Structure formats: C-alpha cells, structure tokens
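J.: Letter by letter, the chains look like this.
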Amino acid sequence: MQPKLKSKVRGADQEIGEVIKVIVDPLSHEISDLVVSVSGTEDRQVPMCAVETVTDGLVELRMSRADFLEFAPFKREDYVTTHEVEIPHLEDHLDVTPGEVLVPFPELERNVKRRTFFTNLTHVIGLFIGLPLAFPVLKYLMKPMYSPFDNGWLKIGNVGKIKADDAGTQFKYKRKVKEAYLPEAEIEKNVWVLKATPAVLEKVYQGKDMEFRDALGKTIWTNKKDVPYIAFSGKCPHLGCGFKWRQHKVLGQVFLCPCHLSIYDASGKVLDGPAPRPLDPLPIQISASGEVQIIDMEFKAGTKSQTRIV
Amino acid sequence: MSHTPSPNTQTTIVEEIIDFIDERVGLKLLVAKMLNEPVPGGSRWAYVFGSLLLFIFIMQAITGVLLMFYYVPTADHAYASTQYILHDVDYGWFLLGYHFWGSTAMVICVFAHMSQVFLWGAYKKPRELIWLVGLALFGIVMGFGFTGYLLPWDQRAYWATTVGVEIMDKTPLIGDFLARFLKGGATPGQMTLSRFFVIHVMVLPAALMGLAGLHLFLFRSAGPAGPFRGTPEELKAKTDYFFPRQIWKDIVGMATVFACICALAFWEPVVLLDEATPDPGDYHPEPEWYFLFLFQLLRLKMFSGEFGQFVGAMLLPGAFLGLLAVLPFIDKDPERNIFKRPVALIGWVVVMAAILIFTISAIINREFLD
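So the protein sequences, as listed, match chains G and X.
Numbering-wise, my numbering puts 475 at position 71 of the first sequence, and it's gapless, one number per residue.
Numbering-wise, my numbering puts 125 at position 127 of the second sequence, and it's gapless, one number per residue.
Since the hints were derived computationally from the structure, they do not count as laboratory data.
Note that this is a predicted model, so its numbers are computed, not measured.
Be careful, since some hints might not be right.
Straight-line alpha carbon distances no greater than 25 Å define the calculated SDA-like cross-link-like pairs of lysine to any residue that follow [what the hints assert, rightly or not]:
{"no.": "1", "chain 1": "G", "residue 1": "Lys543", "chain 2": "X", "residue 2": "Leu171"}
{"no.": "2", "chain 1": "X", "residue 1": "Lys234", "chain 2": "G", "residue 2": "Val428"}
{"no.": "3", "chain 1": "G", "residue 1": "Lys578", "chain 2": "G", "residue 2": "Met549"}
Construct all of the structure, not just a fragment, from the sequences and the given hints.
T.: The following block contains the structure:
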C-alpha cells in the first residue's frame, strides 16, 4: 500500500505528525521519500526505508521521535512539482491524491439514450461524405494514365549512315507528343538500326516473318524475314535505360546498357547481365532511296514477355 | 512554483508580455514540461540524431519554399528555371545547394538515428509504436529524395525516375497501375513532373509533419529509453533533464550539420546535366548515392531475368523492411545491451557492410563505363 497525503505518522514511541508531500523517483516511478510535518520544528524528509508499515491513514516508522528528528529538514528548493516535469504515466503508478476532484455532469447529458447510436450515426455520415468522393478522386487522378497507341510511321534517317554489317548504328529522331491541354512538344528519342547478315537475321526472325498487332489483334505491319535492316527500340528491356553499341573486352562488339550492365549481341540476344528478354525489334520499312521509317513503340521493361506501353 | 520572481525586482516589458501570455495559455508550465524531461543516465551525443532530423527538415522546408519562388514545374520550364536559380538569382546557387546537400544530410542522419535506436535496443517494449512510425518516416524521407530528384528535369533526374518507376512497376498486382499512376501515363513527361512536384511539396511534407508529431508524442508518452547498461542507482545518479545538457549537445550537432551543409553547398555546388530527354546521349544513368547499393545489387547475375529482378528489386528490400517492422514483436527479449545481443549486432554489421560494399563497387564500376 502506498502512503497517502494527510496520513498520520507515528514513530515507535509516539505520534510525530502527518505526511504533507510525497517524493517520487522519476525513473522507477516509486515513492522514495515522504515529507512529514512536525509540530514545533521544521518538516523532515523521511526515506521509505524508514517506514515500517503503511495502513489506511497511518504511516508507522521504525524509529522513535527523537531518532526521527535526526533526519535532515526538507529542502523545497531541491525539488520540482510533477506539473513542471514530463514524466509519462506517473499517475498510473501513484495513488497519493487525498480524494477525487469532481465536476458536475451536465443536466442534459444525464440518462441520454442511444449514445452508441449517435456514435455510429456520426461515422455513417462521415462515410457519406467520404465515400462518394473516393471514385471521382481516383478517376480524376487516373485521367492521363492510359492512352491509345500511335501507329504512325516516323522518318528517322537514311541507311547510308550505316557503315558496316551487323554493327549497331544509332538513329536519333524527334517525336511529337501532346500531353493534356499543353501545346504539342517534341522529344528526342533514338533507335538502333542494324544491317544484318543472313546469320544474324536468322537469329532475330528464326525463319518467320515478324508480325506487329494492335490491341484488337489486327496486324499493323509485318517485318519480312529477308529484309536485312533491323531496328531495335532504344529502351533497354531490363529497366528502361538507353543502351549503346560498344567494344567489349571479351565479347567483342555488343550492345551494352550502362545502367545494370546488360549485354546483347547484334541480334539482340542477351549475352550477359540481368536482362530478362532480348532487345525489342520495331516495325521498319526502307524506301527505294534508303529512307528508314519506323513505328515508334515502347515495351514494358523487366518482363520476360513483351507488353507494349507506347 | 519555483520560478516566482522576488517582489523587489522590477519586471521588464518582455517579462510582462511573457506573463500576459502565461496567464492565458499557461506558457511557462508548457515550456517547463517540454524542457524538464528526465533523461535516464543523462544526456549523450548519441541522442542528437532525432533533433538533427527535425532541424534538417525545418531547413529543407524553408529552402524548399524559397526555391518555389522561381521554380516552375513544367517540362519546358523546369530545367530553365532551375538553371536560372543556379546562375542568375542572387544566392540561388546557395539555397539550391543547401537544399540538395540537406537531403544527403537527412539520409545520413536517418541511418544514424535508426542505427542508434537499433543498437541501444530502444525499439523494444514499450516503444514498438515509436519504431513503427519511425519506419514510416524513413519511407517518407526516401520518397522525398526520389521525388525531389526529378524536379530539376535534367538527364540525371529523368533517368533516375525512369528506372525507379520501372522498379515500382514490378510490385505484385498493383505494379502497372502504380507506375502509370506515378508517371501519369506510359512514359515520363509533364504529368510525371506535376505529380512528383505535388507529392514532393505538398503530400510528403504534410505526411512527414503529421507522423513526426506522432513520433514525438509517442516518444514523450513512453519516455527516453536511456543507456543499455547501468544499475538503477547509477542511472538515477546521472539523470538530468532534456534542458540544458541534451539541448546543448543537440544545438552543437545542429550547428555542425549546418556548417557541413553550407560548406558542401559552397565547395560542391549543384551542376545540372543537359535537359531531360528520352535519349540519354553519353550520360550513364545512376541514382542518388543512397540508392546506389540497390542499383548495384540489380546488376548481379543472381538478380537477372524477370523473377531474379523481382527478388532483387522487390522481395529483398520488401522483406528487409518487413523484418524491421516486425522486429519489436519478434524480439521480445528485454535485454537491451547490444553486446549481449549477438544476432542483432552481427545483423547490423552485415547490413551496413553490404550497403557499403555495394555502394563502393557501384562507384568503382563507373570507371569501366567511360
């Protein structure tokens, strides 16, 4: 039992005084000392180890009144009140208040029926405000997320630029984009075009023409297996960086992505690195004068199968 | 109360104003409550990181607001307006540099703060909720770094975002939606910039302020954990209040961090690369340094292919964060002394070493690319 304020304090021989303050250890939250008022002399600070028993309204000490007076007088300036210091959960551990402090319960609040009903109604009305907003907000934010594919042909240059067979040549081009209400803008993109020898062509096409279909399955274009020009999308199928045609110490001339070091041969096959699939060939056509045209497509990176996103 | 002025001293105008407010809102009691928090075992330099993070955040908010006076979040003006801040606006280079290096300081202090709490075993009962909210704050800090990186709209920004969003695309079930949602389309563009901007300057600051407030409230509710060694008597003998000794250490830490960030802003000014385009040119894309280890991890052969990539980019980081989240609930041993928690100590050393090794190897790899 914890000593209470105003409890009488009795020594081994006689009455001493009463508990006027309680001192608490800030770390353990235990009562460490009592401050006892004594008639005719200064208040004394008594450690809890000097307390024999605590009963309701009475604290009995181990020593006589004379020995008790040997304790040092209480020094108020060595302490702060619990109001002035942040000690969490102190009240949970202490029971020293002499009694409850009360305020009247308002007349209108007494015997209110359906308190739970009102609580639930508040939540329901809250949901009525929030729920109808969820879908419009979601649709509002989703507006630009999905757009149809553009299957127009883009002129990107002339094959005269290609100097060697089975070697990647970068063709840069500009693509017009129109986002939301903004004026049409141009972004720079690039593809890698290859004049392939029959061996490399065979690796890319594996003896079959390559068909490109739209979302409905209608054929947009077919890359004939005997046309020696191949265009690879400039986006690395690993995580979407831009790869380069580079000299590799061991593997010779390869496509290398500087991001995560995926390496592809001239046919786009993965030679090394983390890429999950070969480079993505694009629809390509070459005019009689050697002008190269492609359909600009982008595929989702990081997947084994091709998923067109642009 | 102990601070009542003696009657013969003349009160100054400042004291009168303070008394006026105090009478109405209990200011002095509030200040006393804030400052008089017993720190078990006394103040320590190891405890400064939480306060440093608050300080860094406030400075990021101030410099961020200042940058918005000139910055324009559109694909055709973001780059030019950032260059304008860097080269034409008086002290623009300093404010942008401070904001840039401030983000680095933030990440370093987050790592230090989390390490301190982990090594001191301060995440254990009854402080599990502080740890969980702290993890959410860690996520927000990383989100700040990721979204802020795009805003200058240079090549570095564009490619870090491209790869980062492709990684999010690998989230199971919602990946494609999430990636399109963040990009505002299939590829990065104006919608991406708008989204990252509003997330960076509105959504994340609001989330951080709310959660940081909750973090502090929970911290004050549980009280500081104190050192992991020492008998109750020793702790009691060394206990002091938050003010003045801990605040003194905190303010020295803040001044040091401030000086370091200023020095970096001065000697390592921010230099933009070319304006963002989907053609990287000669630029070798790379994320900010604190994501480098993850970047290097994804280069490993073991994380190749669709599944390997999922393991490296999603499963591994996800499992690690998940482990951190459940840590206080599976580690129920009340022992807090790190030298008596060998698994925790070895785990921390291994994680730190792995991050260090992968970061360094990413830096070494740079040479072989040029």
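J.: If a hint holds in the structure, say so; if it does not, say that too.
T.: Hints versus structure:
Between G/Lys543 and X/Leu171, the direct Cα distance comes to roughly 19 Å. Compliance with the 25 Å bound is thereby established for this hinted pair. A distance of roughly 12 Å separates the Cα atoms of X/Lys234 and G/Val428; the hinted pair therefore holds under the 25 Å criterion. A distance of roughly 22 Å separates the Cα atoms of G/Lys578 and G/Met549; the hinted pair therefore holds under the 25 Å criterion.
Comparing the model with each earlier hint shows no violations; every hint is respected.
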